[in-house]
Amino acid sequence: MNPLLLFGMMVKASLLSFSGMGNVPSLHADLLARGWATNRQFVESLAVGQVSPGPTGLWVVSLGYLVDGLRGALLACAAIVIPPLLVVAIERGFQRVRHLSAVKGFVHGLGLGVVGTFVVVLLQLLHQNRGSSDPRALGFVLAGLLLASLRRVPVALIIGGAAVAGIVMR
Amino acid sequence: MPRMRRIAEPLRGREACMRTESTEPAAAPAHPPVPAQARIWLAVGLQSFGGGMATLALIRRGFVEERSWITEEEFTRFWAICQLAPGINLIAFAILIGRRLGGAAGAAAALAGMLLPSAAITVAMTAAYASIRESAQVKAALSAVIPTTVGIGLATAIKMGAPLIAAGRRGGAVRLAAAILILGGSALALGLLRLPIVLVLAESGLAGALSYVILPSTGSAESEEEV
Chain D
2 MNPLLLFGMM
12 VKASLLSFSG
22 MGNVPSLHAD
32 LLARGWATNR
42 QFVESLAVGQ
52 VSPGPTGLWV
62 VSLGYLVDGL
72 RGALLACAAI
82 VIPPLLVVAI
92 ERGFQRVRHL
102 SAVKGFVHGL
112 GLGVVGTFVV
122 VLLQLLHQNR
132 GSSDPRALGF
142 VLAGLLLASL
152 RRVPVALIIG
162 GAAVAGIVMR
Chain A
93 MPRMRRIAEP
103 LRGREACMRT
113 ESTEPAAAPA
123 HPPVPAQARI
133 WLAVGLQSFG
143 GGMATLALIR
153 RGFVEERSWI
163 TEEEFTRFWA
173 ICQLAPGINL
183 IAFAILIGRR
193 LGGAAGAAAA
203 LAGMLLPSAA
213 ITVAMTAAYA
223 SIRESAQVKA
233 ALSAVIPTTV
243 GIGLATAIKM
253 GAPLIAAGRR
263 GGAVRLAAAI
273 LILGGSALAL
283 GLLRLPIVLV
293 LAESGLAGAL
303 SYVILPSTGS
313 AESEEEV
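Chain order of the listed sequences is D and A.
According to the working numbering, the residues represented by the first sequence are 2 to 171, in order.
According to the working numbering, the residues represented by the second sequence are 93 to 319, in order.
Hints in this document: simulated from the structure, not taken from any laboratory.
Source: prediction; values computed, not measured.
Warning: the hint list may mix true and false statements.
Mimicking DMTMM-like on lysine to aspartate or glutamate, the simulated pairs with C-alpha atoms at most 20 Å apart in a straight line are [as the list claims (entries may be wrong)]:
1) Lys13(D) to Glu295(A)
2) Lys13(D) to Asp69(D)
3) Lys231(A) to Asp135(D)
A few chain A residues that don't get close to chain D, going by computed Cβ distances all over 10 Å [said to hold, decoys possible]:
4) Pro127
5) Arg191
6) Arg225
Beta carbons are placed, not taken as given, at the ideal position from N, Cα and C, and that holds for glycine.
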């Protein structure tokens, strides 16, 4: 695995996103194309990111560890810090162009594109992990969706509960 | 867009973590010692179990409520700007607050303090998990955790998408249709046509820009400002 290339993919994914999990589609496409990561590793790291402290965007640090050990985790840490540095320039310059229709439209469209592709990647992850044809798995999808939408139950608790349910129902 | 909307109505839906308790007149900008700042960021990084909103609440408590180093107005304005920055919003937020309090050194202290503890814990949890990931128990647990995580991700996608669709609706029926087309089109372009992701995202952005330039906004006059 070429660490520079891995780093570049992580920076690119972060540059193309506006939130912690917005980098999923791009990384998923790049890493799977090279066979550097599996669908299982993606779901595992997304789950760890939900349970661990700090921004959920740290899921990519977990992914970095799973695919390339400590080096991958350190590369991920560096990669997620670089794109947000642009906020300094944005703070200065954005006030000048934010009123332009084209700028507002671009930001709006990019956000819609991220959401649309994110949903596709989630469904692919489910399918690749043999979950899309299993009614029990679909039940867990629904439960996760509903409980997370309520915003009352901590996400870490939802995942912990699912883990226990999986062991009990084996 | 959610980011722009939060400039207009920054606190709605965040009462739990961003309670407005006082609106004191703005004092002179504070420049506290960097080590003192670093200690607060470290506490934020170590305590912020429970996701990004918990982190935001801790930053607010440390810098606005307990010390008044950052004013209410700055906190809200910084957070709004961060919705426009690429990558993780909280990292951009830490950069802006740190830079405001202590320049480049302040920004570095913010990044290190907030990220190192939580990243280290994330690595430790992943390493612990990796050592047991082939056990039968873990595989059984995963058979439930994977679909549940997908469900949680779908909930996140809905939270990300709802304000974008709402912004389209404020622009009138034509803009709403354009927003839905871009959302569905990007999903189809990746899922069925298997186009490269960068191309799909770039096209989504360009389609959005084009829709704003050529399609009339039939919504309320302020809708453009609130997008």
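Cross-check of the supplied hints:
1. Lys13(D) to Glu295(A): With a Cα-Cα distance of about 16 Å, the restraint between Lys13(D) and Glu295(A) holds, given a limit of 20 Å.
2. Lys13(D) to Asp69(D): holds, 18 Å
3. Lys231(A) to Asp135(D): holds, 16 Å
4. Pro127: holds, 21 Å
5. Arg191: Arg191(A) not clear of chain D: closest Cβ-Cβ about 7 Å, inside 10 Å.
6. Arg225: violated, 7 Å
When the structure is compared with the earlier hints, violations turn up for hints 5, 6 and for no others.
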